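Using the sequences and the hints, build the whole thing.
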Amino acid sequence: MKMQSNHDSLFIMLATLYSVLVLSSSQDFDFFYLVQEWPGSHCDTEQGCCYPTTGKPASDFGIHGLWPNYNDGSYPSNCNSSNSFDASKISDLISRMQLEWPTLSCPSKDGLKFWGHEWKKHGTCAESILDQHAYFETTLKLKNKINLLHALEGAGIQPNGQMYSLESITSAIQVASGYTPRIQCNNDTSGNSQLHEISLCVDSMASDFIECPVLPNGRSCGSSVEFPSF
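Count the sequence shown with mature numbering (1 follows the signal peptide of the UniProt record, and there is no 0) and you get residues -26 to -1, 1 to 204, in order.
None of these hints come from the bench; they were simulated from the model. Please note that the accuracy of each hint is not assured.
Stated by the list, open to error - What follows is a list of derived Cβ distance ranges for each label pair:
hint: 1; residue 1: Ala129; residue 2: Ser55; range: 24 to 30 Å
hint: 2; residue 1: Gln136; residue 2: Ser194; range: 17 to 23 Å
hint: 3; residue 1: Asp182; residue 2: Lys63; range: 33 to 39 Å
hint: 4; residue 1: Asp46; residue 2: Gly196; range: 25 to 31 Å
hint: 5; residue 1: Ala108; residue 2: Gln21; range: 29 to 35 Å
hint: 6; residue 1: Thr28; residue 2: Glu141; range: 35 to 41 Å
hint: 7; residue 1: Asp46; residue 2: Asn134; range: 36 to 42 Å
hint: 8; residue 1: Leu114; residue 2: Ser178; range: 16 to 22 Å
hint: 9; residue 1: Asn134; residue 2: Lys63; range: 38 to 44 Å
hint: 10; residue 1: Gly192; residue 2: Ser33; range: 32 to 38 Å
Nothing here was measured: the structure is a model prediction, and the numbers come from that model. Even for Gly, the Cβ is constructed at its ideal location relative to N, Cα and C.
As structure tokens, this is what we get:
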């Protein structure tokens, strides 16, 4: 009987160790990118945009996502297909997400597909520390720790369709946040480089901002950048 008990204990210990190793190997990461997008730039392209079913979003930066990353610049994705997005788990956050994490895809949508994509591709790779509710709630809290639009407007950079130097945009965010942002641009219908996304880095526990170990790849900007109205 004692030998059987020892075998059972060993089996449980090995099974637990295996589960931990599998989880860590598929979900380890070094930090997050918090990526926010300017809706005016998203819409001012040949592809255009569609407002969500709740109406035109506010003239403010909206969340694109919170993305786990590695220090070498690569990232994990789609880490757990069995943990599907469940809107009922974030029912208390929906009204805030409609304001701060709106969808601009066409045709007009309610945001659920967008949020589900972000959870499936990125959120499942952080589920060892953030369940679905915590993933979305934490992202909302991080967005509100640093108000990007106020930081730019405080430096005289307004969403008015004018051109601003990339250096001044980067400096305004750096002064307000204390951290170096990654500014990414797209092109408007006239081919002008315009401010599209701003990324800041967050520690691996998603608790606070850090200096980026590596800045994300993406569409670079010209020396002068348009900040379109919305």
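Structure versus earlier hints, numbers of those that do not hold, lowest first: Hints 1, 3, 10 are the ones this structure does not satisfy, whereas the remaining hints hold.
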